[in-house]
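Go ahead and model the full structure; you've got the sequences and the hints to work with.
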Amino acid sequence: MTGFTTERLGWRPWLEPLTEDELTDAHHEALVDRARAASPYFRLLARDPDVLHARTKTDQDIFYNPDGGLPRAERELAATATSRHNGCVFCASVHARFAGHYSKRPGDVRRLLDEGVDARQDARWRAIIDAAVALASTPSTLGPEHLAALRAAGLDDLAISDLVHAGAFFGWANRLMLSLGEPTQEEK
Amino acid sequence: MITDVIDHLAGITPGSSLDRLRDRRPDAREHAQRGYDALFTPDDEGEVTLVERDAVAAFVTGLHQDLTVARFYADRLAELSPGLLKAVETEIEAGRATGPYGVYEGALAAESLEGPRYRASDPAALGVRLAAAFEHAHLLVFRPREARADALRDLRAAGWSETGVVTLSQLVAFLSFQVRVVTGLRLLNQEGVTA
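Just so you know, the sequences run in chain order A and B. If you read the first sequence in full-length UniProt numbering, its first letter stands for residue 1, the second for the next number, and so on. If you read the second sequence in full-length UniProt numbering, its first letter stands for residue 1, the second for the next number, and so on.
One should not assume that every hint holds.
[Said to hold, decoys possible] A short, non-exhaustive set of chain B residues, derived as facing chain A with CB atoms under 7 Å:
id	residue
1	19
2	32
3	49
4	64
5	67
6	99
7	107
8	108
9	109
10	140
11	141
12	159
13	173
If you're looking for bench data, these hints aren't it; they were derived computationally from the structure. Even glycine gets a Cβ: it sits at the ideal position worked out from N, Cα and C.
The following block contains the structure:
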């Protein structure tokens, strides 16, 4: 297996996805975004369309809702740190690219991938990564000390809630990506 | 009647500051609940029985050691299939661990972290399908990095259909999300919202 990377990876399912021809209107509604019908991952999850629909709408609001809270870059940072900790090379590659792009700090994101969740970061990213990692652990070790560090770094309650949701959502996404298929090397 | 399970489990009451905070992400709030509904009160149980859903949920949340969440799902199972509760509790005891851990191959081998690879302690009490489901759920909860195609073949051999595997995987993965949202929001709630 490849190490953590910001390269574009493919993903190959270990179970048969629905074919594009098999997708009904209900499946397309579950996919939310029509372009997702091209993805074997989403066509595999379309085998249980109601759960896929809920997953996708939850995902989009957590990451894309622009109404205050944690900046997009740091929602993506939390997703990347969670994926790095859980070991999801594919998820980490996608969200490291987003985190690097939105923060304009690809070098700091790269260090998170290369050296791991304990790699040197500034105080605000340190607090975000530490909280995401604590929440990703089973049982979770997120505690008042993490919230205090986040507040000291300037996060308000909505921002902390966004971080919790972004990290928790990757507790969901990592487990699907890791267990239903595997990353593949793609076109350069 | 509980209309929002996360609110219920995190102790969030209508009109409270946490209630208003959750309303800032209305789709996430609504669809986290719809995910729960789709998994635990589906229109059609499809390839995974309701008892299997509640039994796996009681096991998975028991492993997370959040007493409120674990009790909620244990109570559901006790209502639907009281005879299974004891067996599930035995498996939770047998499956306790601290994660994530697991062995990496290739470039990440140096980061490997060994830990228990759970097997059902009393598979006869669970039956073939549930014993396989519990072993898979434990893999997903604690060492998802070790998931391989073989694990899905084991599920298929135990009678799980392809669609059944997708629903089972979603169930374990969704609960991994739900229990963490509850943990985080409860912590915020206990501290009192400052903003």
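Now the hints, each set against the structure:
Hint status for residue 19 of chain B: violated, given a least beta-carbon distance of 12 Å to chain A, over 7 Å. With its C-beta approaching chain A no nearer than about 5 Å, residue 32 of chain B sits inside the 7 Å limit, and its interface hint holds. Hint status for residue 49 of chain B relative to chain A: violated, with the closest Cβ pair at about 14 Å, above 7 Å. A cut of 7 Å between beta carbons decides the hint on residue 64 of chain B: the least distance to chain A is about 5 Å, and the hint holds.
With 7 Å as the threshold, the beta carbon of residue 67 of chain B stays out of range of chain A, its nearest partner Cβ sitting at about 10 Å, so the hint is violated. With its C-beta approaching chain A no nearer than about 4 Å, residue 99 of chain B sits inside the 7 Å limit, and its interface hint holds. Hint on residue 107 of chain B holds. Least Cβ distance to chain A is approximately 3 Å, under the 7 Å limit. With a least beta-carbon distance of about 5 Å to chain A, the hint placing residue 108 of chain B at the interface is held under the 7 Å criterion.
Interface restraint check: residue 109 of chain B against chain A, minimum CB-CB distance 9 Å, threshold 7 Å, status violated. Because the smallest distance between the Cβ of residue 140 of chain B and any Cβ of chain A comes to about 5 Å, under 7 Å, the interface hint for this residue holds. A cut of 7 Å between beta carbons decides the hint on residue 141 of chain B: the least distance to chain A is about 6 Å, and the hint holds. Violation of the interface hint for residue 159 of chain B is found here, the shortest Cβ-Cβ separation to chain A being roughly 15 Å, above the 7 Å cut-off.
With its C-beta approaching chain A no nearer than about 4 Å, residue 173 of chain B sits inside the 7 Å limit, and its interface hint holds.
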